[in-house]
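Enquirer: The lines below spell out each chain.
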Amino acid sequence: MKNKTYQTFDEAVVDIPDGSVFMSAGFGGVGVPRNILAAVGRQGAKNLTGISNNGGTLDAKVDVGTLIAAGQVKKMYCAFTAATHPSQVTPFVRMYNNNEIDAEVIPQGTLAERIRAAAAGIGAFYTPTTVGTELAVGKEQREINGRRYVLEYPLHADYAFIRAWKADTFGNLVFRLTQRNFNPVMAMAARITIVEVENDIVPVGELDPDHVHVPGVYVDRLVRIPPDGIWD
Amino acid sequence: MKNKTYQTFDEAVVDIPDGSVFMSAGFGGVGVPRNILAAVGRQGAKNLTGISNNGGTLDAKVDVGTLIAAGQVKKMYCAFTAATHPSQVTPFVRMYNNNEIDAEVIPQGTLAERIRAAAAGIGAFYTPTTVGTELAVGKEQREINGRRYVLEYPLHADYAFIRAWKADTFGNLVFRLTQRNFNPVMAMAARITIVEVENDIVPVGELDPDHVHVPGVYVDRLVRIPPDGIWD
Amino acid sequence: MPEKPRLERQPMCDRLAMEFQDGWIVNLGVGMPTLCSNYVEPHKSLVFHSENGAIGYGPLAPPEKADRHLVNAGGQQVTALPGLAIVHHADSFALIRKGMVDVTVMGAYEVAENGDFANWRIPTRKGGGIGGAMDLAACAKRVFITLEHTTKEGGPRLLKRCTLPITAPGVVKLVVTDLGLFEVTPEGFKLREHAPGWTPAEIQACTEARLIIADDLREFRFRARA
Amino acid sequence: MPEKPRLERQPMCDRLAMEFQDGWIVNLGVGMPTLCSNYVEPHKSLVFHSENGAIGYGPLAPPEKADRHLVNAGGQQVTALPGLAIVHHADSFALIRKGMVDVTVMGAYEVAENGDFANWRIPTRKGGGIGGAMDLAACAKRVFITLEHTTKEGGPRLLKRCTLPITAPGVVKLVVTDLGLFEVTPEGFKLREHAPGWTPAEIQACTEARLIIADDLREFRFRARA
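Residue numbers (my numbering), protein chains in the order written: chain A, 1 to 232; chain B, 1 to 232; chain C, 1 to 226; chain D, 1 to 226.
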């Protein structure tokens with residue numbers, strides 16, 4: 001089976017063209033593909049569209065906000081375009097307020113399901129979330145079995161940036177605890193999936209087939225996080 | 001945490017009323033909840049509606065066909081209302097041909113996704129499967145991004161009959177290899193989920209949270225298959 | 001406006017947590033609602049669910065027990081309880097949309113007597129932070145709200161109709177403020193318990209919506225803390 | 001009708017398998033198509049996918065290696081290859097609908113020159129057996145069909161238009177029969193390879209659709225069997 005291991009993050013992202021759409025996983029600071037994002041920052045692709053739970057945090061860590069602050073991102077799809085507390089003005093929020101970046105705010109469950117729809121070849125789906133709110137305005141709605149639903153469409157991406165706990169050389173992935181979060185659905189949704197791995201990438205056959213969270217057929221490039229990589 | 005273990009299959013199915021809708025997992029003879037189905041046969045509930053990949057096979061084993069042959073089922077939702085080979089006339093096919101049972105044939109992927117939609121609170125979804133065939137006739141269709149899709153609705157059920165490899169007393173479930181098949185989505189879709197387990201039901205805390213395929217919150221009743229139970 | 005003492009945050013959250021029933025799946029919003037998990041009754045077994053897919057996690061982790069891979073919806077490190085299961089984000093919200101969450105507790109800027117509430121966007125600021133709140137509000141079996149009874153400026157938060165963009169219409173069942181406990185009924189807010197020393201008239205004076213006074217109105221029930 | 005020998009099933013399937021490219025995800029239908037997995041080229045690494053969620057399984061299991069929990073879409077016990085991964089049924093068809101399957105090989109009753117094919121229902125019998133065929137046919141990158149060139153009664157199966165209810169419209173790319181290999185082109189069936197001893201005219205005589213004869217028509221290519 002194909003060995004999808006790359007030696008460096010820079011190699012793994014070198015061909016990402018300007019204008020690409022990327023998904024970046026992670027939640028609450030866990031399972032964030034910080035090494036890949038740092039490499040994309042060095043690589044410098046511009047006019048990117050991002051799909052992620054948020055647009056970065058106020059801590060000094062590399063995240064989607066790093067690419068946003070560097071001016072590499074033109075639009076974000078995310079569950080937060082403002083912080084819950086007005087004092088937390090991230091670079092993303094500041095740039096969004098200044099109209100330097102476009103953004104669409106999407107309820108987190110709808111965001112996850114739109115990504116899953118892309119991964120599952122679903123053309124569109126009806127969800128009860130947002131009914132009766134301003135986020136449903138202008139969207140197609142219908143009543144099904146006495147309940148109102150809003151029509152939502154898949155979110156597709158060229159690249160998924162993923163962080164895993166274990167992997168084999170074919171790209172079978174295992175996550176640890178809430179590191180899982182958006183990682184599996186994003187890995188399965190994108191056209192090209194790039195993964196940073198916290199443990200040594202093992203030969204095929206070493207992972208138990210029942211413990212694999214993402215089959216290797218979804219994965220294109222794997223990089224082991226080096227000792228001097230970004231760990232937290 | 002609640003202990004959901006029952007001592008016998010008869011206890012676990014005693015209250016299933018006439019007219020219930022059940023899902024029964026299994027594929028290719030693996031992961032079939034044969035002990036639960038046998039108990040439902042003994043219990044005798046009538047006018048059931050079944051959701052399953054098929055309506056039973058020609059072998060002598062207990063399966064959904066056992067309930068059908070006993071006249072307990074009025075309608076089946078399944079991917080096969082005829083055998084692939086005309087010589088394989090199961091009790092279900094014979095009764096269907098004689099109009100003694102109603103049935104709706106559903107492509108297997110649409111069947112799985114309709115069950116998943118029930119598990120995921122989705123009101124309806126668009127799938128490309130069946131477009132241009134007689135199974136799409138009379139169904140709502142629309143073009144999305146240049147491709148035609150058919151609108152499909154969730155399949156809900158009162159009960160799911162499930163077979164698992166391992167479980168803890170709270171109902172966290174683990175499956176082995178292709179035993180998994182329809183089991184997780186059905187376990188997550190139904191209102192009441194009843195599980196037969198091939199290994200001793202262990203105390204909570206013994207299963208690795210990363211290896212659990214169905215969280216215990218979805219499971220209501222567990223029975224360990226006894227040595228003299230149905231194993232194959 | 002009287003300057004009497006109001007309820008502290010912990011007793012407010014304790015009071016909501018007293019309503020949780022054995023076996024419930026509970027989702028606590030970021031901020032004040034997380035205090036609900038400090039209220040523990042040994043005979044009740046609750047399952048805490050967080051949006052990032054932890055089902056059955058435990059209290060906040062002390063530093064020596066922290067695991068960098070296990071956080072709640074607020075990104076706080078929590079402990080694993082026996083029976084913990086993990087699912088991915090799409091499956092976590094599948095559980096929410098299916099209506100499996102028995103109660104979601106959230107903070108809010110405003111609650112209205114028709115059960116509407118607002119907690120995600122202030123139109124004078126661009127954008128909003130919706131997170132998982134709309135999914136939870138639309139789909140959980142019960143929505144409980146905890147909030148200060150009045151704004152910093154003393155304005156009311158329990159309103160006839162929300163003035164801010166709502167999170168979900170008509171879903172709130174129970175509200176606790178630093179002045180009392182309010183059930184949302186078809187007729188509006190019913191004051192069931194009041195903060196010590198506060199009369200219904202004094203509470204009404206801080207409230208835009210017209211309050212219904214419960215026949216069995218009583219003083220706020222605190223838990224007996226260990 | 002000439003009574004010359006026709007191709008056997010295994011070489012027919014070998015010929016389709018020769019078209020599989022390194023790294024492809026391959027789904028083989030129940031029955032004759034499963035013979036494709038007997039054709040092994042060491043330089044090609046194929047990933048076999050079955051509807052029940054096995055991704056990367058190996059050949060049929062000899063009795064001593066059989067595992068009662070590991071079967072293919074036909075319910076046959078297969079072996080686990082290193083790198084095997086398992087998903088549930090909904091995820092397995094998510095993979096199919098996303099268009100990840102590079103080729104699906106199926107049997108059929110009929111194939112038409114417009115790429116339609118029929119393999120799930122005979123209207124003279126009630127009901128049908130659709131299985132995963134419609135999902136695969138609608139969503140796989142390529143549909144290859146293997147079937148006998150004529151019915152038991154000698155009637156044609158390569159038609160201008162299908163007479164039976166179709167499984168999917170316009171999706172078939174390549175057809176192998178016991179008389180030859182046919183590419184489905186916008187102009188119709190193109191005969192690329194013929195069974196030994198059979199002339200294009202003889203094959204046309206067994207075919208309802210008008211055949212286009214490839215400029216580089218050649219005799220059927222058998223693999224060199226070990």
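No lab work stands behind these hints, which were simulated from the structure alone. Some hints could be false.
What the hints assert, rightly or not - Here's a subset of chain A near chain C, in silico, CB distances under 10 Å, partners left out:
(1) 83
(2) 151
(3) 179
(4) 191
Stated by the list, open to error - Using 30 Å as the maximum straight-line C-alpha spacing, the simulated BS3-like pairs for lysine-lysine come out as follows:
(5) 190(D) <-> 46(A)
(6) 44(D) <-> 190(D)
(7) 2(B) <-> 152(C)
(8) 98(D) <-> 139(B)
What the hints assert, rightly or not - Now the stretches of chain B that chain A is said to cover, found in silico as 3 or more residues with beta-carbon under 8 Å:
(9) 56-68
(10) 175-184
In this text, all values refer to a predicted model and were calculated from it rather than measured experimentally. Note that the Cβ used here is the ideal one computed from N, Cα and C, for glycine as well.
Enquirer: None of the hints should be skipped; say for each whether it holds.
Expert: Quick rundown of the hints versus the structure:
Because the closest C-beta pair between residue 83(A) and chain C is about 6 Å apart, less than 10 Å, the hint holds. Below 10 Å, beta-carbon pairs count as interface contacts, and residue 151(A) has none with chain C, the closest being about 15 Å; its hint is therefore violated. Hint status for residue 179(A) relative to chain C: holds, with the closest Cβ pair at about 5 Å, below 10 Å. Because the closest C-beta pair between residue 191(A) and chain C is about 18 Å apart, greater than 10 Å, the hint is violated.
Among the hinted pairs, residue 190(D) with residue 46(A) is inconsistent with the structure: their alpha-carbon atoms are about 47 Å apart, more than 30 Å. This hinted pair checks out: residue 44(D) and residue 190(D) have alpha carbons roughly 27 Å apart, not beyond 30 Å. As the CA atoms of residue 2(B) and residue 152(C) are separated by approximately 44 Å, the hinted pair breaks the 30 Å bound. Straight-line distance between C-alpha atoms of residue 98(D) and residue 139(B) comes to about 22 Å, which keeps the hinted pair within the 30 Å bound.
Here the segment 56-68 of chain B counts 0 residues with a CB under 8 Å from a CB of chain A, which misses the bar of 3, and the coverage is violated. Using a Cβ-Cβ cut-off of 8 Å, 4 residues of the segment 175-184 of chain B lie near chain A, which meets the minimum of three, so the contact claim holds.
Of the numbered hints stated above, those contradicted by the structure are hints 2, 4, 5, 7 and 9, listed in ascending order.
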